[in-house]
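Colleague: If you're matching them up, the sequences are chains A, B and C in order.
Numbering follows the numbering used here, with no gaps: position 199 of the first sequence is 199.
Numbering follows the numbering used here, with no gaps: position 242 of the second sequence is 242.
Numbering follows the numbering used here, with no gaps: position 72 of the third sequence is 72.
It is worth saying that the hints were derived from the structure and are not from the lab.
A quick note: this is a predicted structure, and the numbers were derived from the prediction, not measured.
Be aware that one or more of the hints could be misleading.
Some, not all, of what chain C presents toward chain A, calculated at C-beta under 10 Å [claimed, not checked]: (1) G21; (2) A85; (3) F99; (4) V100; (5) V112; (6) L132; (7) I158; (8) F183; (9) L194; (10) A203; (11) G234; (12) L264; (13) M275.
We put the beta carbon where it would ideally sit given N, CA and C, even for glycine.
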Amino acid sequence: MPSFSNGRSQEVAMLVPAMLCLVLIIVVPFALSVGFSFTDQRLMPRPIPTRFIGVTNYERMFADRLFWQAIGNTVLFTVLVVPFQLAISLTVAMALNAAIPFRGLFRTVAILPLLLPITVVVAIWAVLYRIPTGPLNAVYQLFAGSENYIDFIGGSDTAMVALVVLSAWATFPYQMLIYLAGLQDVPGDLYEAAELDGATAWQRFRFVTWPSLRNVNIFLLIITTIQALKLFTQVSVMTRGGPNGSTTTIIYYLFQQGFTSQKIGYASAISVFFFVAVTTIAVLQRVFLKNEGEA
Amino acid sequence: MTLNRLAGASLLALALAVPAHAGELTAWVTDAAAEKPYFDQLTDAFSAAHPEIALNVVPVPGYVDAIQAASVSGSLPDLILLDGPNMAASAWAGTIQPIGELIDPALLADTMQGVIAQGTYGPDGKLYHISPYDSTVLLWGNRSYLEKAGVRIPTGIDDAWTREEFAAAVEALSKVDGVRWPLDMKLNYGGEWMTYGFAPFIQSAGADLINRETWTAEGTVNAPEAVSAISKLQDWYKAGWIVPASAGDNQFYGEKTAALSWVGNWMWPPHDAGLGDDLVMMPAPSFGPNGVTTPNGGWGWSVPATTTNLEDVSAFLNFVMSDAEVAKYADITGFAPSRAAAVPLTKKFSTPGAQDLFAVQGNCCAVVRPVHPAYPAITLSWSRAMLNIFSDGAADVQQELDGVAQYIDLDIEDNAGYPPFGSN
Amino acid sequence: MNLFPRGTLMPFLFACVVAFGVLLPLMMMVTISLNPDEQDILVSMGTLKSFIPEVISFQNYIDVWTDPARPFFRYMMNTAIVTLATLAISITINSMAAFVVAQGSLPGKKGVLLFIVATIAVPAESLVLPQLILAGKLGLVDTYVVQILPGIANALSIFLFFQFFSRIPKDLFEAAELDGFSFFQKYRHIALPLSRPVISAVAILQFLEMWNAYLWPVMVTRGPEVRPLTVAMGAFFGTNQRIPWGDVMAFAVSMAVPVILFFLLMQRQFIASVMSSGVKG
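Bound conformation, chain A alone (with noise of 0.2 Å):
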């Protein structure tokens, strides 16, 4: 390329295959989505011509009540375990942030959860809840009598709970040593000067911890709301989207749509509205949560 100094080529050379792939595995099949979106296409060869059908997908999601009723069950997770997950991290970093006896110990076995792939964590919990006997349920007859139990996965208001549990469970050591990088970056004059005012734990807590730990707070909210919209393999795998639809969640209902029952057009309108509804939701959050120092 006669433009370009040899400098400049090294530099494309350097940019093109990161370039490339982003472009073959984001971009293109975007492309498709939106284009497949407006057609009857299924996953399988078919001895029927694919049709062009105009929004006719668009217009069945809307009035699809599971479609609804997936949207709402994955609200519902992000809603319940982004708050109860970040409040977990962040009493787990304090508390392994302070001057304890083996710390690195407790640290080393906080971290444990994360290592294990979520198919792992779900066999685990699926002893843990079974029924009518398993360790939770054991728990819970001694104060409600041997023949009770809870049907935590099987029950519909009990299962997003449960799913809820097991999820933060899996993934709390993540945002837990965010915090703790978090915690150590709080100036340790600023303790001693609230000490010296007589600040109790708490109002040390809310006036000097809470407020410095802003950016890391912002961050954390983003990754795990958008985390928690993805919700898919222990829904998969361990609830199938029941009881009674109670789990489905968009991504799984996206994967019945497309792949069990192959019909890609109609998928392809709920990815579409996925891929917006998600996009838009990052892009508020960065624009009403500006880290410090922004303008």
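Place chains B and C on chain A using the hints.
Modeller: Chains B and C in isolation, oriented as in the chain A frame:
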């Protein structure tokens, strides 16, 4: 337009799939517990009979998703196991080929009619699927619980329980000490079982999954008879009389907290091991005017359209459908042999016994699941409705079955009636 | 000696609760995996017997390691190949691209950066279906490549490298230019050696992602040739199956132990890396 080219490309990918070499055969099978011992020995048994062909039997965990992934890439093996009712969809799409001419006519001559019917594709009348077994569903009982409850134990089709008697039995059993749930209906299975095991109740009552003449579901799957039959079962569920899905598989034969189990003959070996002399085999109940109604069929062999080494495939099919192999399959799995000549060779079916019910029900009362390309849509929507109805939250039966009818009819419409089906 | 300096008793007690909350389920996993009797496993669920081994038998481990239908070590190799290849390729190409955007002189750099930032928020899960069709069209279904590709297209990793590279003082590079370093050499011999912390941060994030990958491999793999461990694990919960808990837990332990051992060896770096991955976000 690009989408058509894309569809064309997937067809091309199918056509380009690498054909196996002559003398080599790969067959994919499920890893289901009941069949596993049979498939484990199949390679050795086949090699002994056909040393010139190297057979590779691959048990695939997560079988249904795996077959789907392989179909997308056009990389199916020479032979696959296919669940019988899904044959029509694959034949319609052109992903499997006819196999009738690959099998010795003498073997097909004494194959049970229900098995042939499930494997025969309507539009061309050709055989695409063959199974060494037939299946059925029984009411299995725990004798001591039944006796404690003072419940009559039927012995044959003619004195099978009616809907009312069944209801009375379940209620009586619910009061017996040691019984936590009177009835296990295998809700933990999910999937195809929900169609296989629950459609007979509405068929007995006078409804069906789909009208088999007009191929529409509206007015058939959500007919009042269907709603009433399923509502009856749901009442039992609401009363806490049916084992919930999350209680696992073994409440009847392991923990013995369930008194009755509604499940297929593949559970014979574990039931036998768990209950021994306490095990009673009872006919399916008569849930309505059509009397005792049972499902049939199941997994069997199909040959992908991409397979070219048909001589080897033919040797394989004739081997697995031979008298000795069909008998062996039945003895290992507990399924009934699909060929008459195999029956005397079996240990479990050659002498009269309780298991005669399998054959009796297969002959008198079996209704083949609809042989139609829309079956995947039928079973998907129906089983989802069943899971919703028999779960905590107990979905409204009428609303769920209306949803099933709508889903099926929309699928058929979306596929232009699945020509040539729509055109008659 | 005062074991608990002022204000540390409560945190200590809480830490104990957390440790129990983490360890009890893990002890149960190990205990069940050591019990060869399925019936006994079911009967003793919910009693202390499912947390403290009464019998120690490796029968379940032998079973899952030698099951031809579920070749554990093949799955493990698949997971290792896919994960390591993803990490290696992703770190290479994404750090190169980031270096161009941070220190290069190409026109339109700003636009590229904007594109990368915009892509970070894209939920990859919403694109699996067109990706599957594309993979089918390219003949990539059921290969290692198809599992590696989505992982290396990683805008977040480019962005983390970009942040790091743009903070490297310019004079370091100017000195190198005087020595006749080309652009690539500046990247290879100056920037890369400095970026160990960000490399390990990116590697850990990506490792966790690959280690949990489930949706995509379920869709694009079938036989044991290329399937990863996670999918094999999920298949235990398929329909029509009596779940063999002893085998499931032995499989789970076998899967988790190598990673936990590796973590224990590299603990310090691991904690430091994860901690550094978020704060500046």
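Colleague: Just pull the numbers of the violated hints for me, sorted ascending.
Modeller: 2, 9, 10
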